[in-house]
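Undergrad: Work out the full structure: start from the sequences and follow the hints.
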Amino acid sequence: MKLLKKLKQMKSKEFFKLVFNPFSRIAGLEAFGLGLFFVVLMGIIGTFSHTIFDGVLDIHIVQDSSLANSFIMLGVDILALTLIMWIAGLIISRNIRFIDILGTMTLSKAPLLLASIAAFFTKVPDTNTIMHNPMVLLSSVSFIVVMILIIPITIWSIALMYNALKVSCGVKGGKLTAAFIIGLFVAEIVSKVAIYFFVK
Amino acid sequence: MLPTYCPSCQAQLKVKCLKCEACQTEVNGSYNLPLLALLSENDQQFIIRFMINSGSLKEMASELKLSYPTVRNMLNEIIKKIKTDEK
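Sequences listed follow chains A and B, in order. Residue 34 in the numbering used here sits at position 34 of the first sequence, with consecutive numbering throughout. Residue 55 in the numbering used here sits at position 55 of the second sequence, with consecutive numbering throughout.
Please keep in mind that the hints were generated in silico from the structure rather than gathered at the bench. Given the structure is predicted, the values throughout are model-derived calculations rather than measurements. Don't take each hint at face value.
What the hints assert, rightly or not - Each computed DSSO-like pair below joins lysine-lysine, with the alpha-carbon atoms no more than 30 angstroms apart:
1) B/Lys14 - A/Lys13
2) A/Lys172 - B/Lys19
3) A/Lys13 - B/Lys87
4) A/Lys175 - B/Lys58
5) B/Lys87 - A/Lys11
6) B/Lys58 - A/Lys17
7) A/Lys172 - B/Lys14
8) A/Lys175 - B/Lys14
9) A/Lys175 - B/Lys65
10) B/Lys81 - A/Lys175
11) A/Lys175 - B/Lys19
12) A/Lys11 - B/Lys65
13) B/Lys65 - A/Lys5
14) B/Lys87 - A/Lys172
15) A/Lys17 - B/Lys14
16) A/Lys17 - B/Lys87
17) B/Lys87 - B/Lys14
18) A/Lys13 - B/Lys65
19) B/Lys83 - A/Lys192
Claimed, not checked - Listing some non-contacts, in silico: residues in chain A with all C-beta distances to chain B over 10 angstroms:
20) Phe23
21) Ile26
22) Phe37
23) Ile44
24) His60
25) Ile153
26) Val167
Where is the CB? At the ideal position from N, CA and C, for every residue including glycine.
TA: Right, here's the structure in full:
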């Protein structure tokens, strides 16, 4: 019985590790392929559920969205995140491959697919109504529930991004944390600016 | 597994005596342990597998069912340990 319990504990530990750090098992081209699959799904589902990812850390439910804009935004997000994290990785470590950063960072966006699915269960009031009375958002229970659901999803994605950088450049501790925080902040700004110019 | 550190004070052990099993000759002295013997059993296994795989991290990754950067990080950790032991 004790052994069975221990095995179960090991399995849940292994599962937890796989959920937050799949990159010890998958990286590079494989991770990029899998990540791309999730990103394409996100783009398609997001278009129908009116969810846009207009920044590395941004998820917004809007009234109208197009397939082209969804994919442009996702493309810009991944490109900005990968390039900035690659530069951050090069600063703190010499042992880093671009394909590892590209693959792991793309896969780290996968949890956001849940956000685009969750958005099917709510509707955002039109902009004029919100501008006139912002409190209208709080009167929609489904909107509040979806917003609350999106918080752990975003945290999960950020945890994956952190582990993606950790595995890709093999650095630990304060140096890694500082590079990640600064990198994420810069990537968010770069993606926001790029989306502003590319999406009409 | 060969003991490499003193169980009492944790200092590095030295080889005092070697014996020939065939003629019972004993060689006494104070010899340093080889660098590889100072590594943990897991690290030694890793190095053996690494050599068997002709030093290919890609093959090591598929054998261990781990990602390439994870295996490379494991190797870097061992290199760091060897460099520390060398000093």
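Undergrad: It remains to establish, for every hint, whether it holds in the given structure.
TA: So, going through the hints one by one against the coordinates:
1. Between the alpha carbons of lysine 14 of chain B and lysine 13 of chain A the distance comes to roughly 40 angstroms, so the proposed pair goes past 30 angstroms and is violated.
2. Simply put, lysine 172 of chain A and lysine 19 of chain B have alpha-carbon atoms about 45 angstroms apart, too far for the 30 angstroms limit, and the pair is violated.
3. Among the hinted pairs, lysine 13 of chain A with lysine 87 of chain B is inconsistent with the structure: their alpha-carbon atoms are about 37 angstroms apart, more than 30 angstroms.
4. Restraint check for lysine 175 of chain A and lysine 58 of chain B: satisfied, since their Cα atoms lie roughly 27 angstroms apart, inside the 30 angstroms limit.
5. A hinted pair counts as satisfied when its Cα atoms are at most 30 angstroms apart, and lysine 87 of chain B with lysine 11 of chain A does not qualify at roughly 40 angstroms.
6. Only pairs whose Cα atoms come within 30 angstroms are accepted, and lysine 58 of chain B paired with lysine 17 of chain A is accepted, the gap being roughly 22 angstroms.
7. For the hint linking lysine 172 of chain A to lysine 14 of chain B, the alpha-carbon distance of about 33 angstroms lies beyond 30 angstroms, and the restraint is violated.
8. Distance check on the hinted pair: lysine 175 of chain A and lysine 14 of chain B sit about 37 angstroms apart at the alpha-carbon level, beyond 30 angstroms; violated.
9. With a C-alpha separation of about 28 angstroms, the suggested pair lysine 175 of chain A and lysine 65 of chain B falls inside the 30 angstroms cut-off, and the hint holds.
10. Between lysine 81 of chain B and lysine 175 of chain A the CA atoms are separated by roughly 20 angstroms; this keeps the pair inside 30 angstroms, and the hint holds.
11. For the hint linking lysine 175 of chain A to lysine 19 of chain B, the alpha-carbon distance of about 50 angstroms lies beyond 30 angstroms, and the restraint is violated.
12. Under the criterion of a C-alpha separation no larger than 30 angstroms, the hint pairing lysine 11 of chain A with lysine 65 of chain B is consistent with the structure, at around 17 angstroms.
13. Between lysine 65 of chain B and lysine 5 of chain A the alpha-carbon distance is near 25 angstroms, which keeps this suggested pair within the 30 angstroms criterion.
14. Distance hint between lysine 87 of chain B and lysine 172 of chain A is fulfilled; the C-alpha atoms sit about 23 angstroms from each other, no more than 30 angstroms.
15. Annotation: proposed proximity of lysine 17 of chain A to lysine 14 of chain B is violated, straight-line Cα distance about 40 angstroms (limit 30 angstroms).
16. Straight-line distance between C-alpha atoms of lysine 17 of chain A and lysine 87 of chain B comes to about 35 angstroms, which puts the hinted pair past the 30 angstroms bound.
17. The straight-line distance between the Cα atoms of lysine 87 of chain B and lysine 14 of chain B is roughly 16 angstroms, inside the 30 angstroms bound, and the hint therefore holds.
18. Annotation: proposed proximity of lysine 13 of chain A to lysine 65 of chain B holds, straight-line Cα distance about 18 angstroms (limit 30 angstroms).
19. The straight-line distance between the Cα atoms of lysine 83 of chain B and lysine 192 of chain A is roughly 45 angstroms, outside the 30 angstroms bound, and the hint therefore fails.
20. At roughly 6 angstroms from the closest C-beta of chain B, the C-beta of phenylalanine 23 of chain A falls inside 10 angstroms, breaking its exclusion from the interface.
21. Not every beta carbon of chain B lies more than 10 angstroms from that of isoleucine 26 of chain A, the smallest distance being close to 6 angstroms; the non-interface claim is violated.
22. A cut-off of 10 angstroms between C-beta atoms confirms that phenylalanine 37 of chain A is not in contact with chain B; the least separation is 18 angstroms.
23. Under the 10 angstroms C-beta cut-off, the non-interface status given to isoleucine 44 of chain A relative to chain B holds; the minimum distance is some 28 angstroms.
24. Residue placement check: histidine 60 of chain A keeps its beta carbon more than 10 angstroms from all beta carbons of chain B (closest about 33 angstroms).
25. Consistency note on isoleucine 153 of chain A: stated as away from chain B, and its beta-carbon is indeed over 10 angstroms from all of that chain's, at 24 angstroms minimum.
26. Non-interface call for valine 167 of chain A relative to chain B: violated, since the shortest CB-CB distance, roughly 5 angstroms, does not exceed 10 angstroms.
Against the hints set out earlier in the document, violations occur for numbers 1, 2, 3, 5, 7, 8, 11, 15, 16, 19, 20, 21 and 26.
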